[in-house]
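Trainee: Here's the letter readout for the chains.
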Amino acid sequence: MRDQLEKEPLWRDEFSISKGDERYVGRRQLAKFLTLGSLGMFAGNVWILVKSWLRRPATYTPATVARAGEIPVGGVKLFQYPAPGNQCIMVRTAEDSYVAYSQKCTHLSCAVYYSPAQDRLECPCHQGYFSIRDGSVLQGPPTRPLPRVLLDRRGDDLVAIRMEPEL
Amino acid sequence: MPLYPDIKKGRGLTAIDAVTSILVLLLVIQMWLLTATLDAFLAGHVETATPAAIVSGILFVACFLMYRFVTHVDHQARTGR
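In order, the protein sequence lines correspond to chains A and B. Numbering-wise, the first sequence is residues 1 to 167 according to the working numbering. Numbering-wise, the second sequence is residues 1001 to 1081 according to the working numbering.
It cannot be assumed that every hint is accurate.
List of simulated lysine to aspartate or glutamate pairs, DMTMM-like, C-alpha gap at most 25 Å [unchecked claim]:
#1 A:K32 - A:D157
#2 A:K32 - A:E95
#3 A:K104 - B:D1039
#4 A:K32 - B:D1039
#5 A:K51 - B:E1047
#6 A:K77 - A:D156
#7 A:K77 - A:D157
#8 A:K51 - A:E70
#9 A:K77 - A:D119
#10 A:K51 - A:E164
#11 A:K51 - B:D1039
#12 A:K77 - A:D152
Derived by calculation from the structure, the hints in this document are not laboratory data.
Isolated chain A (complex conformation) (with noise of 0.2 Å):
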């Protein structure tokens, strides 16, 4: 056992690849690995597939979220639409002209404001601006609008109706 040994130490086990043939293992599990990363990018996509078909429409209750003339204007309010916890903020642009937004920036979340200065909404984590008028990304690094709370006026009452897209 012991002359066995000192013939065949035990790393030659370990490791029983001859010096010539280390490239090629090498290469051979780089190659291992990038198939299996594109099986990843593919298992990615069939994900997203599934979930598409898994959508279903979203149904939405109108609220009240306002009364005209309950803010001044280049005033802002902040709702909560459609459920509680998807925080929204309403903005006065004119005399009878509201808009409204999700408040969440879509690039990683972080609740826009708005800035009369500068008449836009603006994400103070990572300097994403979003146009006030149709809520387009005007700068920075989030690459979708923000999704939009339509109103509807129904007497004095603002009335959220639903979002676009629709969430």
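Start from chain A and add chain B according to the hints.
Mentor: Here is chain B on its own, set in the frame of chain A:
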């Protein structure tokens, strides 16, 4: 020992290197495809999910075939056949 096996090994390594480069390229394309699809999905555009999954599947099959090629060349170089 004839020089022939070494030349064959060298060619095998060159072929594996070329295939590995293509594998890296395909993987980068797949990464871009996944992030773009996720971005579109979160923006409410679900219509991109199906073509993206099909293309990603094709790229994965291509990667798998290349991996098979790598193992085949590796085997050939080792056994000298």
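Trainee: What's the verdict on K77 (chain A) and D157 (chain A), does the C-alpha distance respect the 25 Å limit or exceed it?
Mentor: Satisfied, since the Cα-Cα distance of roughly 14 Å is no more than 25 Å.
Trainee: K32 (chain A) and D157 (chain A) were given as a pair; does the straight-line alpha-carbon distance stay at or below 25 Å?
Mentor: violated, 62 Å
Trainee: Does E1047 (chain B) sit within 25 Å of K51 (chain A), going by the straight-line distance between their CA atoms?
Mentor: holds, 12 Å
Trainee: For the pair supplied as a hint, K77 (chain A) and D156 (chain A), confirm whether the alpha-carbon distance does not exceed 25 Å.
Mentor: holds, 16 Å
Trainee: Going straight from one Cα to the other, do K77 (chain A) and D119 (chain A) come out at no more than 25 Å?
Mentor: holds, 15 Å
Trainee: Is the hinted pair K51 (chain A) and E70 (chain A) satisfied, with a Cα-Cα distance of at most 25 Å?
Mentor: This hinted pair is violated, its Cα atoms lying about 41 Å apart.
Trainee: Between K32 (chain A) and E95 (chain A), does the CA-CA distance stay at or below 25 Å?
Mentor: Given pair K32 (chain A), E95 (chain A) is violated - Cα atoms ~64 Å apart, limit 25 Å.
Trainee: Check the hint pairing K77 (chain A) with D152 (chain A) against an upper bound of 25 Å on the C-alpha distance.
Mentor: holds, 16 Å
Trainee: Hinted pair, alpha-carbon criterion (25 Å max): K51 (chain A), D1039 (chain B). Please report holds or violated.
Mentor: With Cα atoms ~14 Å apart, K51 (chain A) and D1039 (chain B) stay inside 25 Å; holds.
Trainee: Need the status of pair K51 (chain A), E164 (chain A): alpha-carbon distance at most 25 Å?
Mentor: Satisfied, since the Cα-Cα distance of roughly 19 Å is no more than 25 Å.
Trainee: Between K104 (chain A) and D1039 (chain B), is the straight-line Cα distance small enough, at 25 Å or below?
Mentor: holds, 15 Å
Trainee: Quick one, are K32 (chain A) and D1039 (chain B) close enough, alpha carbons at most 25 Å?
Mentor: violated, 28 Å
Violated hints, in rising order: 1, 2, 4, 8; the structure is consistent with all others.
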